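**Q** I would like the entire structure built from these sequences, with the hints used as guidance.
Protein sequence lines, in the order shown, are assigned to chains R and L. Position 153 (the first sequence) corresponds to 152 in numbering that gives the first Met the number 0; numbering is contiguous. Position 207 (the second sequence) corresponds to 206 in numbering that gives the first Met the number 0; numbering is contiguous.
Mixed in with the good hints, there may be bad ones.
As the list claims (entries may be wrong) - Okay, the calculated beta carbon distance ranges per label pair:
1) L:48 to R:23: 24 to 32 Å
2) R:143 to L:88: 55 to 63 Å
3) R:139 to L:92: 41 to 49 Å
4) L:104 to R:143: 47 to 55 Å
5) R:222 to L:105: 31 to 39 Å
6) L:80 to R:168: 35 to 43 Å
7) L:118 to R:67: 53 to 61 Å
8) L:88 to R:11: 25 to 33 Å
9) L:88 to R:147: 37 to 45 Å
10) R:141 to L:104: 25 to 33 Å
11) R:67 to L:61: 44 to 52 Å
12) L:92 to R:205: 34 to 42 Å
13) L:48 to R:148: 50 to 58 Å
Derived from the structure by calculation, the hints contain no laboratory data. Model, not experiment: these values are computed from the prediction. Glycine included, each C-beta is placed from N, C-alpha and C at the ideal position.
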Amino acid sequence: MATEATGGGLEFKPMEQFEVKALFGETVAWYTPTNVTLWLFLTALAAISLLVLGSRGRAIVPSRAQSVAELTYGLVHKMIEDIAGKEGLRYFPYILTLFLFVAFANLLGLVPMAFTVTSHIAVTGILAMAVFVGVTAIGFIKNGAHFLDLFWVRSAPLAVRPILAVIEVISYFVRPLSLSIRLAGNMIAGHAVIKVFAGFAAIAAVAPVAVVAVVGMYAFEVLVALVQAYVFTILTCVYLKDALHPSH
Amino acid sequence: MFSLLQEAATTAVEITGEEAVVIDETAPHAADAHTYGDAAHYAAESAGLPQLDVTTFGNQIFWLVVTLVVLYLVLSRVAVPRIAAVLSDRQGALTGDLMAAEEFKQKAREAEAAYDKALAEARSEAQRIVAQNRAEIQAELERAIAKADAEIAARTAESEARIREIRASADQSAREVARDVTAALVESLGGTADAAAIDAALDSRMKGFVQ
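**A** Shown next as structure tokens:
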């Protein structure tokens with residue numbers, strides 16, 4: 000799709016799909032509706048459709064859509080309860096928002112011709128920073144200075160503790176980076192690989208192999224899309240647990 | 000996407016003139032550059048990853064925040080309370096049904112106990128009635144037997160009296176016949192019938208036969 004056999008040669012432009020373009024006009028200012036805006040909007044719409052329209056019936060015996068909505072709700076709810084405990088459930092709506100947003104952004108990005116918002120480091124960076132800042136704030140508000148116990152491993156011998164503290168601090172501040180790059184990296188890589196395979200489809204000899212490879216990669220990417228959403232959410236829960244119960 | 004790509008490519012080619020570089024960048028940014036050289040340089044630099052194009056960050060972040068806020072508000076105000084209500088309703092209905100079932104079970108157990116009790120009572124009542132009837136019949140029977148015994152005894156006594164009477168009269172008759180026969184015999188043999196002697200003889204002879 001992204002390649003054009005111009006000038007007799009193959010051209011691979013696997014990254015072109017990630018370009019941010021204004022929907023109307025040329026310039027991209029901060030308020031311009033772009034393809035990012037469109038797909039963010041569609042992501043929100045899909046998430047709202049699932050949970051709000053799905054649960055519209057409020058049936059005791061749920062319809063199929065309501066079952067899926069309830070399963071999604073239950074999945075996130077149970078995840079928070081299992082990892083962060085009952086206190087973590089206060090932040091359930093936000094974590095549910097995160098999960099649905101990432102899951103639907105990833106899945107909608109797999110629609111042919113779509114734009115994957117979660118493939119952008121700016122988007123995943125903001126998501127990760129929101130988690131990082133929020134969790135740090137919760138940690139300090141709930142535990143005060145005791146939150147710093149997170150970095151002072153009391154179960155370790157005293158001599159090792161300062162070294163561990165340095166490592167803990169570094170790993171703590173790397174969290175938003177790893178969180179955002181993991182998600183964006185997975186999305187970029189998967190989509191780029193699909194495009195590269197699709198580019199090979201222009202050569203008649205390898206076209207069947209390329210098509211099979213695209214189909215295989217696509218199936219794999221659907222899995223990756225959901226797994227990454229799950230990983231993002233579960234790590235958020237783990238960080239929340241650290242904020243709520245900082246002692247090791 | 001083909002058309003978009005072609006458009007971008009055409010624009011890029013227009014800007015870079017005769018250069019054979021395919022500029023992988025949107026027209027606006029290329030247009031920002033004043034000279035062809037700058038444009039080519041910029042394009043080459045950002046050809047790698049659109050993700051690293053800082054100029055679009057503001058736009059992305061703005062719309063992301065808008066989306067997240069909207070999504071959060073809708074989910075936390077509408078979806079979460081609604082699904083929570085549905086789930087707790089279901090839980091409540093389940094618990095209610097289970098409790099109702101337990102209640103019915105309890106009722107059934109009570110009914111069974113009452114039935115068993117009634118059955119046992121009826122059985123013991125029947126046994127009591129049977130025993131009572133048996134006792135009554137027994138008493139009646141005994142009364143009848145006693146009455147019959149008394150009657151039998153009376154009849155026996157009466158019969159015995161009559162037998163005794165008959166025997167006595169028979170005795171008497173036999174004695175008279177014997178005396179008459181003896182007297183007649185004695186007379187026919189030429190003797191005189193001495194009544195006293197005959198009686199004594201008879202008495203001694205009949206001692207063995209008649210008491």
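**Q** Hint by hint, note whether the structure agrees.
**A** The hints, checked one at a time:
Remark: the range hint 24 to 32 Å for residue 48 (chain L) to residue 23 (chain R) is upheld by a beta-carbon distance near 25 Å. Roughly 40 Å separates the CB atoms of residue 143 (chain R) and residue 88 (chain L), a value that falls outside the hinted 55 to 63 Å. For the pair residue 139 (chain R) and residue 92 (chain L), the beta carbons lie near 43 Å from each other, so the given range of 41 to 49 Å is met. Checked against the hint of 47 to 55 Å, the C-beta distance between residue 104 (chain L) and residue 143 (chain R) comes to roughly 54 Å, which is consistent with it.
Distance hint check: the CB atoms of residue 222 (chain R) and residue 105 (chain L) are about 51 Å apart, inconsistent with the given range 31 to 39 Å. The beta-carbon spacing between residue 80 (chain L) and residue 168 (chain R), approximately 39 Å, falls within the hinted interval of 35 to 43 Å. A C-beta distance of roughly 56 Å is found between residue 118 (chain L) and residue 67 (chain R), which places it inside the suggested range of 53 to 61 Å. Evaluation of the 25 to 33 Å hint for residue 88 (chain L) and residue 11 (chain R) yields a failure: the beta carbon distance comes to about 55 Å.
The beta-carbon spacing between residue 88 (chain L) and residue 147 (chain R), approximately 44 Å, falls within the hinted interval of 37 to 45 Å. Evaluation of the 25 to 33 Å hint for residue 141 (chain R) and residue 104 (chain L) yields a failure: the beta carbon distance comes to about 47 Å. The given range of 44 to 52 Å is broken by residue 67 (chain R) and residue 61 (chain L), whose C-beta atoms sit roughly 31 Å from each other. For the pair residue 92 (chain L) and residue 205 (chain R), the supplied restraint of 34 to 42 Å is violated, since their beta-carbon distance comes to about 59 Å.
For the hinted restraint 50 to 58 Å between residue 48 (chain L) and residue 148 (chain R), the CB-CB distance of approximately 40 Å leaves it violated.
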